[in-house]
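Novice: Hey, can you work out the whole structure from these sequences and the hints?
Top to bottom, those sequences are chains A and B. In terms of our numbering, the first sequence has 218 at position 218, counting the first letter as 1, and numbering is strictly consecutive. In terms of our numbering, the second sequence has 297 at position 297, counting the first letter as 1, and numbering is strictly consecutive.
The hints are simulated quantities; they were obtained by calculation from the structure and are not laboratory data. Possibly wrong hints are sitting among the right ones.
As the list claims (entries may be wrong) - Using C-beta positions, here's what the derived DEER-type ranges look like:
no., chain 1, residue 1, chain 2, residue 2, range
1, A, Leu-35, B, Gly-293, 53 to 59 Å
2, B, Ser-9, A, Ser-219, 14 to 20 Å
3, A, Arg-116, B, Ala-350, 45 to 51 Å
4, A, Leu-35, B, Glu-294, 53 to 59 Å
5, B, Pro-354, A, Gly-20, 39 to 45 Å
6, A, Arg-116, B, Glu-261, 24 to 30 Å
7, B, Glu-294, A, Arg-116, 27 to 33 Å
8, A, Ala-176, B, Leu-19, 18 to 24 Å
9, B, Ala-267, A, Gly-83, 46 to 52 Å
10, A, Ala-86, B, Glu-294, 30 to 36 Å
11, A, Gly-136, B, Arg-281, 53 to 59 Å
12, A, Leu-87, B, Glu-261, 19 to 25 Å
13, B, Arg-281, A, Gly-20, 37 to 43 Å
14, A, Pro-199, B, Ala-34, 24 to 30 Å
Computed from a predicted model, the values in this text were never measured in an experiment. Each residue gets a CB set at the ideal place from its N, CA and C atoms; glycine is no exception.
In case you want the letters, here they are:
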Amino acid sequence: MDELFRTLFESPVVGGDTIGELLLHLLTAFVLGQLVAWVYAWTHHGVSYSRSQVQSLVLLSLIVTTVMLAVGGSLARAFGLFGALALIRFRTPIKDARDAAFLFLSVGVGITVGTRNLQLAIVGTCFALAVAVYLGISRFGERDAADSVLRFTMPNQDDSETRLRALLRHYCSSFALMHLREGGSASMDFAYRLRLVDPTQSSALLADLSTIPGVRGASLLVQDEEMEV
Amino acid sequence: MGGAEFVPSRARPSLFRRLRHRAHRVLPPLVWMAAIAGVVVLAQERRRTGAVRGIVEADRWTVTSPLDARLVTLAVSVGDLVTVGQVVARLEDESPRLRLSRARHELERLRAEMQREEVVLRDARAVASADRDVERSRERARLSRDHEEARVERLQTFAILEEGRVVLRGAEDALQRHLELERGGIASEGQRVALQTDRDRYSERVAELETVLAERDVRVSAARERLDDFAAAAGTLPELSEFQIEPFQWRIREQEVVLEEISHAIARCALVAPGAGVVERIVIKSGEHARAGEPVMSIVEPRPRAVVAYVPESLRDAVARETQVDVELPQRPGELRSSRVLDVSPTLVALPEPLRADPRIAEWGLAVRIPARGDEVPGQTVLVHLSHR
Numbered sequence: 001m002d003e004l005f006r007t008l009f010e011s012p013v014v015g016g017d018t019i020g021e022l023l024l025h026l027l028t029a030f031v032l033g034q035l036v037a038w039v040y041a042w043t044h045h046g047v048s049y050s051r052s053q054v055q056s057l058v059l060l061s062l063i064v065t066t067v068m069l070a071v072g073g074s075l076a077r078a079f080g081l082f083g084a085l086a087l088i089r090f091r092t093p094i095k096d097a098r099d100a101a102f103l104f105l106s107v108g109v110g111i112t113v114g115t116r117n118l119q120l121a122i123v124g125t126c127f128a129l130a131v132a133v134y135l136g137i138s139r140f141g142e143r144d145a146a147d148s149v150l151r152f153t154m155p156n157q158d159d160s161e162t163r164l165r166a167l168l169r170h171y172c173s174s175f176a177l178m179h180l181r182e183g184g185s186a187s188m189d190f191a192y193r194l195r196l197v198d199p200t201q202s203s204a205l206l207a208d209l210s211t212i213p214g215v216r217g218a219s220l221l222v223q224d225e226e227m228e229v
Numbered sequence: 001m002g003g004a005e006f007v008p009s010r011a012r013p014s015l016f017r018r019l020r021h022r023a024h025r026v027l028p029p030l031v032w033m034a035a036i037a038g039v040v041v042l043a044q045e046r047r048r049t050g051a052v053r054g055i056v057e058a059d060r061w062t063v064t065s066p067l068d069a070r071l072v073t074l075a076v077s078v079g080d081l082v083t084v085g086q087v088v089a090r091l092e093d094e095s096p097r098l099r100l101s102r103a104r105h106e107l108e109r110l111r112a113e114m115q116r117e118e119v120v121l122r123d124a125r126a127v128a129s130a131d132r133d134v135e136r137s138r139e140r141a142r143l144s145r146d147h148e149e150a151r152v153e154r155l156q157t158f159a160i161l162e163e164g165r166v167v168l169r170g171a172e173d174a175l176q177r178h179l180e181l182e183r184g185g186i187a188s189e190g191q192r193v194a195l196q197t198d199r200d201r202y203s204e205r206v207a208e209l210e211t212v213l214a215e216r217d218v219r220v221s222a223a224r225e226r227l228d229d230f231a232a233a234a235g236t237l238p239e240l241s242e243f244q245i246e247p248f249q250w251r252i253r254e255q256e257v258v259l260e261e262i263s264h265a266i267a268r269c270a271l272v273a274p275g276a277g278v279v280e281r282i283v284i285k286s287g288e289h290a291r292a293g294e295p296v297m298s299i300v301e302p303r304p305r306a307v308v309a310y311v312p313e314s315l316r317d318a319v320a321r322e323t324q325v326d327v328e329l330p331q332r333p334g335e336l337r338s339s340r341v342l343d344v345s346p347t348l349v350a351l352p353e354p355l356r357a358d359p360r361i362a363e364w365g366l367a368v369r370i371p372a373r374g375d376e377v378p379g380q381t382v383l384v385h386l387s388h389r
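Specialist: As C-alpha cells, then:
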C-alpha cells in the first residue's frame, strides 16, 4: 500500500509538482474561475442566461489547468490534445456547456494518465468532481429569481389588496407582480413571482390567501430542479 | 374573516430556519473565501528547494556515415577506448569499387576514342595534302605555259619587227641613193615619190609592230607576275584542328574527376574516430544500412567537463553563481558532495534526451553548471540538491 501511495503521489524531484503545488494551482484556478462566473452572472443581460453555462466557467478553468499541467511545454502533447479534442468535437454534438466541460474532463483524464502523470490525474480529477458536486449542491449560478408562481382571482378592492400585500410580506422574502388580467365580474386575475421565506409554508400561504374575501382559484407553482422560473 | 387586518395562520420562520433554506446561497462565497485562504497558505508553503536532475557533460563526438552504405565491420563496442584517427568501423565499399572499375574502363575507352579520332584526322589531312599538291602542280604548269606562250608571241613579234626595221632601213637607203641620184640629175622625181611611199609604209608597219611588241611585253610581265605570285603563295596545310579534339579532352577530364571522387568515397568507407574517448553509444550495428549523414556511433571523452543541472523556472531565485549545491551520484546514493554553481543560463534551455524520460518534469529549464570532480561518468544522470533558504 505504501508503495502504491508512493508511486501515485510522490515526486522525487522538483518540477515534478507535489500534491501541495497541484492543489495550489487548482485552488487558484477555482478562485479565479468562480470570480469569472460571478462577474458573468452579474453582468449578463438578456434571456440567454444559463446556469449550466455559469457552472461550466468554473469547471473549465479547473480542467484546463489540469490538462495544461500535463501537457507542460511539450509540443507533441499539445498537438495530441488538439487532435483529440477536434475529433471528439467533430463527432459529438454538444448541447450544453456543462456537457462540454465534462467531455473535456474525460479527455484530460486520458491525457494526464497517458503521460504517466498519475498524481496529477487523480488529484485533478477528484478536485474537479468535488467542485462539480459543490456547484450542483449550491445551485451555483442560479439567478435571484423566484421560487414559485402564485395565481389567483380576487376582486379589485383596496382592503383586499392591502391584506394580500401583508400576506405576501409575511410569507415571502420577495415577490413581484408578473401578470394582471381582468377576470370579469369586477375581479382581476393575478400572477405573482414569489420567493418563499420557508418553502414548507406554501400550503399555509394558500390557506391564508383563501381567507381573503373574494379570492378564488388560487394555485401555487413551486420551482424544482428541472425548471427555472 | 373580514376586516383589513391580516392575521397569518403560521408564524414567520425564525432566522435560523430562513438561513437553513438559503444555505445554498451562502455556500459559494464561503467556499470561495476558504479557497483563497488555501491559496495563501499553500503559496507560503510552496517549496523553494529540493533536488533536480542533472547530467554529466563531457566532450562528445558523433561519427556519421559519409555515404549510403551498409556497415560491414564494427571495430569497437560500447565502452571501448579509442584514439584520434582510429578506424572504428568500415562501410561496404564493393559498390564504390565497382563504380571505380567502371569509371576506369570508361576513361580508357575515351582515350582510345580520342586516339582513333586523331588517326582519322591525320589520314584525312594527308589525303587533302596530296590532292592539294596535284592541284598546285596543274596550276603551276598552266601559268608557266601561259608565260611561255606570251614570250613566244613576243619573240615572234620582235622578229617581225626587226625584219620590218631592216626593210625600212633598206627603203630609207634606197630613197637616200635616189635623192643623190636625183640631185645628180640621174633619177626621176616619180621614182622618188614611189620610194618615199614605200618608206612611209614600212615606217607605219614598224610603228605598229612596236606597239604590238609593247603589248606583248606587258603580257609577258603579267604572266611572269602571276607565276611568281603563285609560287610565293604556296604553303603548308594547318596542323590538326584543336577544336576537333577538344570535346574528347573535356570528357576525359570529366571522367578523371569522377575517378577521383570515387576514390575519395572509397577512402571514406573507413570511419575514423574524430576524438579520443570512450565509445558511448552505437547507433548502427554491423550489417545494418546507414544513410549519408546518419550517426553511426558517439564517442565521449572519459573526463567529464561539468555537471549541468536543469532547474525549473519557478526556482530561478534559488540558484545563482556561487550558490552552494550538493551533488549526489547514482553510484553512491545518499552521499552528498558540496559544490558551487559556476553559472546559470539566462534563458530556458531544452532538457537533454535522457532527462525527458519523466513526463512530470518540464522539458525546459535553466541550465546550472557545476564543476565536475572527475569521478563522474559522462552522460550519467545525477541528483543536485539545492540549498535551503
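Novice: Evaluate each hint against the coordinates.
Specialist: Here is what the structure says about each hint:
1. Leu-35/A with Gly-293/B: 53 to 59 Å: Once the Cβ atoms are compared, 55 Å apart, the range 53 to 59 Å for Gly-293/B and Leu-35/A holds.
2. Ser-9/B with Ser-219/A: 14 to 20 Å: 18 Å, holds
3. Arg-116/A with Ala-350/B: 45 to 51 Å: 20 Å, violated
4. Leu-35/A with Glu-294/B: 53 to 59 Å: 55 Å, holds
5. Pro-354/B with Gly-20/A: 39 to 45 Å: Hint violated: Cβ distance 28 Å, outside 39 to 45 Å.
6. Arg-116/A with Glu-261/B: 24 to 30 Å: 51 Å, violated
7. Glu-294/B with Arg-116/A: 27 to 33 Å: 30 Å, holds
8. Ala-176/A with Leu-19/B: 18 to 24 Å: 23 Å, holds
9. Ala-267/B with Gly-83/A: 46 to 52 Å: 48 Å, holds
10. Ala-86/A with Glu-294/B: 30 to 36 Å: Holds, at about 35 Å.
11. Gly-136/A with Arg-281/B: 53 to 59 Å: 56 Å, holds
12. Leu-87/A with Glu-261/B: 19 to 25 Å: 51 Å, violated
13. Arg-281/B with Gly-20/A: 37 to 43 Å: For Arg-281/B and Gly-20/A the Cβ distance comes to about 39 Å; the hint holds.
14. Pro-199/A with Ala-34/B: 24 to 30 Å: 27 Å, holds
In this structure, the hints that do not hold are numbers 3, 5, 6 and 12, in rising order.
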